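The residues making up each chain are set out below.
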Amino acid sequence: MGSSVLLFAAEAEEAANPILPTLNEMFYGAIAFGLLFVLVKFVLLPPVQATREARASQIRGDLDAAERARSQAGSAATEVDDQLAGVKAEAAAVVDAARAEAEAERATIIGAAEAEAASIRSAAEAEIETARAEAMSGATASVAELAADAASRVMNRPIDLASAQPVVDRYLSNPN
Amino acid sequence: MFTLFAAEAGEGGGGLVFPSIGNLVEWAPYFGEGTIFEFNKIGLISMLAMLIPTVMFLLAKKDMVPAGLQNIVESTVEFVEDQVVMSAIGAEGKKYLPLLLTIFMFVFWGNIFEVIPTFQMPANARMANPVILALVAWATFIGVGIKAQGFGGFMKSSLFPPGVPKALYILVTPIEFLSTFLLRPFGLAVRLFANMLAGHILLVTFGVLCIALWQASPLVIVLPFSFATLVGLTGFEVMVSLIQAFVFSLLTAVYISLSLHPHH
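So the sequence lines, in the order shown, correspond to chains A and B.
Residue numbers for the first sequence follow my numbering, so the first one is 1 and each next one is one higher.
Residue numbers for the second sequence follow my numbering, so the first one is 1001 and each next one is one higher.
Keep in mind that the hints are not guaranteed to be accurate.
With a Cα cut of at most 25 Å, we get these calculated DSS-like pairs of lysine-lysine [what the hints assert, rightly or not]:
no., chain 1, residue 1, chain 2, residue 2
1, B, K1095, A, K41
2, B, K1147, B, K1095
3, A, K41, B, K1062
4, B, K1061, A, K41
5, B, K1147, B, K1094
6, A, K41, B, K1147
7, B, K1156, B, K1166
8, A, K41, B, K1094
9, B, K1061, B, K1094
Between beta-carbon pairs, the in silico distance windows are [as the list claims (entries may be wrong)]:
no., chain 1, residue 1, chain 2, residue 2, range
10, A, L84, B, N1071, 45 to 51 Å
11, A, A65, B, K1095, 42 to 48 Å
12, B, N1071, A, Q72, 33 to 39 Å
13, A, L84, B, L1069, 53 to 59 Å
14, B, A1167, A, V38, 45 to 51 Å
15, B, N1071, A, A69, 26 to 32 Å
16, B, V1238, A, S75, 51 to 57 Å
17, B, A1148, A, G34, 21 to 27 Å
18, B, K1062, A, L35, 20 to 26 Å
19, B, L1069, A, E79, 23 to 29 Å
20, A, G34, B, V1017, 38 to 44 Å
21, A, V38, B, T1035, 20 to 26 Å
Since the hints were derived computationally from the structure, they do not count as laboratory data.
Please read all numbers here as calculations on a predicted model, not as lab measurements.
Backbone N, C-alpha and C define an ideal beta-carbon position, used for all residues, glycine too.
Just chain A, same shape as in the assembly (with noise of 0.2 Å):
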């Protein structure tokens, strides 16, 4: 085994102090921290937090354009439904107006059906109350005739249809 290792190093030519820091690396050091504070305070960063404001405010525009549009969303929905809660009161009293004409509409042709039954009813009772004053008058007739003829049997002599008229009237008037 080999007594020596390979070794990664620097041939320093004097023993320095390795902790304290040398003049030309300070030199390079400040010029390149400056440098980079330059470039980074008046060209790099400027462009960068451009593009990031403008992203943000993109970002904020498009939000509120969001919340615009879900607002508009919601008035619209508002105003839906209030459209058709007039459009469904409307037709309830479209309904409502419809039921009340065919209520009255009932109504009229009921009374004029019960007027024209009542007017039937009140005929008919009269061709009745004729008919039968007709039938009376007949059987008032027949009677005294049959009843004339009756007496004049009984009584072996003639009696006067006319005179024994007045007889019968009363009694069928007045049976008891």
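Starting from the structure of chain A, add chain B where the hints point.
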């Protein structure tokens, strides 16, 4: 210049020798040796930590619906804004977003090179960048405090916390001074540096161990376990890179918030 070298385990053989700490964190210069312009791997990673996020931001599209790279870029900005700025400071802290985002990205990209092959070194495992970042944080929260409360008000709120008996200020005020003006930046720098250095040493340790075991024999029974640990630690370092970036930027935001609202 970078080289592979054989770490001799003693002339007589036997044993495993790890590289020294200097070999782990010090890098040979690419150019400008010996001057303040000396450019080495740490400088290169620092520049890449600046260039990579820059290119990512520039290439990212600016569409309304993000995808791909734009998602990553915007998620990074959003993460720092929500989890750092808003959680530590609030809405009034948004003006500090560029600074905190820069700190977050610079620390993260400086760290993540720990696990990128051929680099395998976090820039923040050297003290230079953490010191720079801590100084920036330090100057920022002091500046914000003075601007928000005035110099006198900031010093008073920082050094003389309300509700403390006056006699105790002799003891409390020096402690508050040390805590606010020295330990805060020191803590920021050392926390980042120490975490990344520790992670770097851990990965090197297990890397060296795997190489040594492989050289001894690919059939060594513990080799798979060492390699699995190395893979797991590599994933762990990715997480540490992100967490350290988050912690550094969050603490900076907290210090700024304390300067803005001293009594909260």
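Determine whether the Cβ-Cβ distance between B/V1238 and A/S75 falls within the hinted range of 51 to 57 Å.
For B/V1238 and A/S75 the Cβ distance comes to about 56 Å; the hint holds.
Taking the beta carbons of B/K1062 and A/L35, is their distance inside 20 to 26 Å?
holds (22 Å)
Using the Cβ atoms, figure out if A/G34 sits within 38 to 44 Å of B/V1017.
About 41 Å separates the Cβ atoms of A/G34 and B/V1017, which means 38 to 44 Å holds.
Compare the distance between the alpha carbons of B/K1061 and B/K1094 with 25 Å, and conclude whether the hinted pair is satisfied.
holds (23 Å)
Between B/A1148 and A/G34, does the C-beta distance stay in 21 to 27 Å?
Hint holds: Cβ distance 24 Å, inside 21 to 27 Å.
Run the distance test for A/K41 versus B/K1147: straight-line Cα separation, threshold 25 Å.
holds (20 Å)
Lying within 45 to 51 Å: is that true of the beta-carbon distance B/A1167 to A/V38?
holds (49 Å)
For a C-alpha distance cap of 25 Å, please report whether A/K41 and B/K1062 respect it.
holds (17 Å)
Please verify whether B/K1147 and B/K1094 have alpha carbons no more than 25 Å apart.
Holds, at about 16 Å.
Holds or violated: 33 to 39 Å for the Cβ distance of B/N1071 and A/Q72?
holds (35 Å)
Does B/K1061 pair with A/K41 here, judged by a C-alpha cut-off of 25 Å?
holds (18 Å)
Between A/L84 and B/L1069, does the beta-carbon spacing fit 53 to 59 Å?
56 Å Cβ-Cβ, so the 53 to 59 Å window holds.
Hints 11, 19, counting from the list given before, are not met by this structure.
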